[in-house]
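Quick note: the sequence shown, position 45, residue 44 per numbering that gives the first Met the number 0, numbers continuous.
A few of these clues could be false.
Under the rule of at most 16 Å between Cα atoms (straight-line distance), these lysine to aspartate or glutamate pairs were calculated in the EDC-like manner [stated by the list, open to error]:
no., residue 1, residue 2
1, LYS757, GLU561
2, LYS782, GLU769
3, LYS411, GLU206
4, LYS411, GLU366
5, LYS782, ASP812
6, LYS702, GLU775
7, LYS132, GLU73
8, LYS291, GLU233
9, LYS407, ASP89
10, LYS782, GLU734
11, LYS262, GLU239
12, LYS70, ASP20
13, LYS191, ASP108
14, LYS291, GLU229
15, LYS411, GLU462
16, LYS757, GLU734
17, LYS146, GLU397
18, LYS407, GLU239
19, LYS444, ASP433
20, LYS191, GLU69
21, LYS70, GLU96
22, LYS262, GLU233
It is worth saying that the hints were derived from the structure and are not from the lab.
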Amino acid sequence: MSIKKLQYGWTLSCTGEAMGDLLGIDGGISVEMPVEVHQTLLAQGLIEHPYVGLNEADVQWVAAQTWVLEKAFELSVAQVHAPCLELQIDELDTLAEICLNGVLLYRADNMFLRHRIDLKPAARQGENRLCIKLLSAPAAAVDRAKKLPFPIPYNANNNRVPHMNLLRKAQCHAGWDWGICLMVTGVYQVPKLIVRQRAQLHYLLVEQRHTENTVELTLRLEAEVYSNGELPLEIVLNGEPVIAETLSVQVGALCLARSFTVKNPALWWPAGQGEQPLYELGVILADASLCKTIGLRELEVVTQADDIGLGLKVRVNGRDVFCKGANWIPADALTLDSDGDRYRDLLTAAVLANMNCLRLWGGGFYERDIFYQLCDELGLLIWHDLMFACSLYPSTREFVASAAAEVKHQIKRLAHHPSIALWCGDNEVMGAIDWYEQSRRHREKYIVNYDRLNRALARVVGEGDPTRRFWPSSPCNGELDFGDAWHIDHSGDMHYWDVWHSGSSFEAYYTVRPRFCSEFGFQSLPSLPAVARFAEPSQWNVSSPVMESHQKSPAGNAIIMEMFTRYFRFPESFVSILYLSQVQQAVAIKTAVEYWRSLQPHCMGTLFWQLNDNWPVASWSSIEHGGRWKQLHYHARRFFNPILVALVPEARSVEESTVGGPAGPIKEDVAKAAGNWVLKAVSDAPGVRNLEVEFRQITLGGKVVRRWPLAQQLRPGDSATLLTLNQAELAGAREDSFFAVVSDDPDINNTFYLAPWKAMTLPQVCIEQEVVTLAERVQLTLKADAPAHFLTLEHPASGRWSDNSFTLLPGEDRTVDWLPSAGSAVPENFAEHLVITHLRSTYQ
Numbered sequence: 000m001s002i003k004k005l006q007y008g009w010t011l012s013c014t015g016e017a018m019g020d021l022l023g024i025d026g027g028i029s030v031e032m033p034v035e036v037h038q039t040l041l042a043q044g045l046i047e048h049p050y051v052g053l054n055e056a057d058v059q060w061v062a063a064q065t066w067v068l069e070k071a072f073e074l075s076v077a078q079v080h081a082p083c084l085e086l087q088i089d090e091l092d093t094l095a096e097i098c099l100n101g102v103l104l105y106r107a108d109n110m111f112l113r114h115r116i117d118l119k120p121a122a123r124q125g126e127n128r129l130c131i132k133l134l135s136a137p138a139a140a141v142d143r144a145k146k147l148p149f150p151i152p153y154n155a156n157n158n159r160v161p162h163m164n165l166l167r168k169a170q171c172h173a174g175w176d177w178g179i180c181l182m183v184t185g186v187y188q189v190p191k192l193i194v195r196q197r198a199q200l201h202y203l204l205v206e207q208r209h210t211e212n213t214v215e216l217t218l219r220l221e222a223e224v225y226s227n228g229e230l231p232l233e234i235v236l237n238g239e240p241v242i243a244e245t246l247s248v249q250v251g252a253l254c255l256a257r258s259f260t261v262k263n264p265a266l267w268w269p270a271g272q273g274e275q276p277l278y279e280l281g282v283i284l285a286d287a288s289l290c291k292t293i294g295l296r297e298l299e300v301v302t303q304a305d306d307i308g309l310g311l312k313v314r315v316n317g318r319d320v321f322c323k324g325a326n327w328i329p330a331d332a333l334t335l336d337s338d339g340d341r342y343r344d345l346l347t348a349a350v351l352a353n354m355n356c357l358r359l360w361g362g363g364f365y366e367r368d369i370f371y372q373l374c375d376e377l378g379l380l381i382w383h384d385l386m387f388a389c390s391l392y393p394s395t396r397e398f399v400a401s402a403a404a405e406v407k408h409q410i411k412r413l414a415h416h417p418s419i420a421l422w423c424g425d426n427e428v429m430g431a432i433d434w435y436e437q438s439r440r441h442r443e444k445y446i447v448n449y450d451r452l453n454r455a456l457a458r459v460v461g462e463g464d465p466t467r468r469f470w471p472s473s474p475c476n477g478e479l480d481f482g483d484a485w486h487i488d489h490s491g492d493m494h495y496w497d498v499w500h501s502g503s504s505f506e507a508y509y510t511v512r513p514r515f516c517s518e519f520g521f522q523s524l525p526s527l528p529a530v531a532r533f534a535e536p537s538q539w540n541v542s543s544p545v546m547e548s549h550q551k552s553p554a555g556n557a558i559i560m561e562m563f564t565r566y567f568r569f570p571e572s573f574v575s576i577l578y579l580s581q582v583q584q585a586v587a588i589k590t591a592v593e594y595w596r597s598l599q600p601h602c603m604g605t606l607f608w609q610l611n612d613n614w615p616v617a618s619w620s621s622i623e624h625g626g627r628w629k630q631l632h633y634h635a636r637r638f639f640n641p642i643l644v645a646l647v648p649e650a651r652s653v654e655e656s657t658v659g660g661p662a663g664p665i666k667e668d669v670a671k672a673a674g675n676w677v678l679k680a681v682s683d684a685p686g687v688r689n690l691e692v693e694f695r696q697i698t699l700g701g702k703v704v705r706r707w708p709l710a711q712q713l714r715p716g717d718s719a720t721l722l723t724l725n726q727a728e729l730a731g732a733r734e735d736s737f738f739a740v741v742s743d744d745p746d747i748n749n750t751f752y753l754a755p756w757k758a759m760t761l762p763q764v765c766i767e768q769e770v771v772t773l774a775e776r777v778q779l780t781l782k783a784d785a786p787a788h789f790l791t792l793e794h795p796a797s798g799r800w801s802d803n804s805f806t807l808l809p810g811e812d813r814t815v816d817w818l819p820s821a822g823s824a825v826p827e828n829f830a831e832h833l834v835i836t837h838l839r840s841t842y843q
């Protein structure tokens with residue numbers, strides 16, 4: 000067997016007038032695989048960077064063209080006459096015609112498939128010419144819409160390309176309410192020329208059955224045999240043979256299962272619950288081989304009916320795990336810019352913020368191998384959507400067949416990863432039936448349409464990976480339940496968006512008690528270093544054309560500014576607006592997570608929207624494009640800490656009001672403070688922990704007026720009440736003081752405010768700083784003469800802080816480190832570019 004990667008010697012050209020009239024190029028551009036058209040044009044200086052200024056609009060013509068990739072290669076007589084001669088292409092985006100020597104051999108129309116093209120009908124000895132013609136996706140989408148038996152609505156608020164839902168392509172390529180519209184196209188993995196004489200291994204699926212101190216592994220092999228006779232089979236675990244035999248085979252498909260037992264297994268755990276040992280598993284069939292890295296763990300997604308509704312939780316190795324994390328979107332809109340270092344930086348940042356779970360969102364793509372490998376290594380559970388999001392989708396025979404083939408391949412490709420917790424049918428597609436006039440008027444018809452596709456996906460998942468749960472949609476109250484999971488909090492998983500989309504206050508988070516909240520969020524603007532990447536100083540105004548073009552949520556800036564007026568005194572400068580938007584975002588998510596964590600085991604998961612950005616933009620992310628941590632990510636490190644001490648309302652009275660929600664007018668519970676607040680200590684750490692903290696009431700000037708020394712023994716899963724504050728104790732304290740949790744562990748320290756900050760007369764603060772530059776970090780010691788709230792450190796260099804956006808109390812010096820990004824050095828004259836901001840410094 001031989002496998003040759005066709006990486007070099009390609010030419011990219013355009014069939015239309017673009018090459019000559021628009022680009023001024025005769026002939027093609029020399030490229031190597033992998034390739035993406037926009038990035039190629041950018042590298043050649045033929046387009047301006049689409050992320051900068053208003054350039055997004057100027058590159059839309061690229062997606063309207065037909066682009067052609069061509070390459071010549073040699074074949075010997077033996078290769079031409081081999082039993083198998085094929086071209087294998089992964090991540091072909093998206094519509095393409097593939098020709099060899101002028102003969103059309105294959106049409107591709109699904110980005111998520113592995114394309115295997117038989118070259119034998121057109122192959123010849125000597126030089127062969129391969130052509131991959133990349134067709135216009137927007138044109139194809141419009142053409143497909145004309146052929147539908149009835150209209151299939153799409154989400155025009157997100158997709159700027161009509162009928163994007165009819166293409167099996169990453170849905171966010173057409174834009175989203177945080178995403179640029181580029182409609183990229185290309186081949187994102189190097190094509191392989193495969194010549195086989197005896198056999199080929201296609202897939203290796205691994206099933207686990209755990210008993211005391213043993214794991215039985217069952218391997219299911221899918222192969223293809225090219226000659227009758229005998230083939231040697233060997234299975235190896237961590238370099239040691241566990242099975243060796245000779246198979247009698249015949250030409251054709253070969254499916255077989257083999258089992259063996261691992262004694263005293265080293266179990267894989269999610270981050271924070273234990274270690275992540277991995278095993279190397281190899282299968283050799285004649286001259287074909289497959290290698291997988293696996294983790295041994297027992298994982299269940301438990302959905303158990305109770306007096307409230309239907310709980311949802313993840314159980315690993317018999318232990319219930321509270322899922323803490325965020326939603327993942329593609330790492331870059333320019334697909335090939337997201338390399339292994341980018342993945343490692345983002346996923347490591349998630350673990351550093353005490354996350355143990357990410358939801359891989361259904362509007363992107365099935366990720367690259369490196370993503371899953373890193374999640375396995377780092378202990379990040381994956382709630383894995385299938386790639387359908389926010390629009391309705393056809394249930395025609397052709398569409399269902401294509402979608403089923405894609406899911407079948409991806410399940411078999413990925414199911415061995417221990418990090419994958421469950422497969423989810425889609426993102427918000429079930430609920431989207433109620434979003435569109437057409438589907439609302441004919442609801443039964445569109446429910447049947449949805450169910451046809453969803454059942455087909457469920458069947459494929461069940462056949463390909465019977466070890467994992469299939470969850471129909473996110474959000475979803477349960478199987479065959481088509482209720483409003485945005486506002487029903489008693490069952491399944493919930494997306495709670497009233498605080499952003501419906502204009503509710505942050506206190507509205509206290510009115511819902513989700514079993515598992517898999518989406519909720521609040522936007523912020525980018526930091527000034529991020530803004531400087533795409534906007535000239537003349538555009539440093541929130542409502543400038545460039546800033547507005549980098550805000551894709553239609554009312555986004557208005558929502559941010561209006562929420563300022565509810566809680567804060569309005570900031571006096573552009574820089575202060577950027578800062579305060581990130582304070583506000585952190586407060587919103589902190590409010591929700593701390594309350595919902597205090598409800599465990601009723602609530603067993605909070606995944607905020609979203610971890611990352613795919614370009615520099617105003618968004619819901621906690622990490623900016625380029626890797627800079629927003630204030631939210633530093634707060635996440637604390638509110639996702641294994642031990643959380645949080646002040647939450649004990650009770651509430653509720654009045655009913657009508658507001659607008661994602662599906663039109665809905666009823667919302669609006670919290671009214673009932674007076675009592677409780678200090679809760681929550682643990683999801685393994686083992687018993689002894690907690691000692693001091694709870695303080697502090698005046699705005701910094702004087703401690705009351706102290707409560709508190710101690711508590713915490714078992715895993717505990718949510719214990721440490722203290723109750725009643726109305727009498729809070730009288731006069733709301734506007735004149737705040738509360739703080741102080742401990743020897745700075746990650747447990749916390750600050751609470753029972754009145755809006757605009758109502759507080761905060762004193763001016765003098766901050767002293769001492770900067771010490773060391774070989775691999777900068778050490779910064781801070782002192783304040785009065786409380787500095789949300790004190791935030793910012794530096795234009797690439798790196799992160801050991802802590803940030805915290806309360807600096809007088810008399811309690813704080814030392815933090817600045818750590819450069821991998822491959823970066825500590826900059827000279829660090830202090831000259833250091834900016835320190837706190838809440839009182841943003842207004843006169």
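Numbers of the earlier hints that this structure fails to satisfy, in rising order: The structure conflicts with hints 6, 7, 10, 12, 13, 14, 18 and 22, although it agrees with all the remaining ones.
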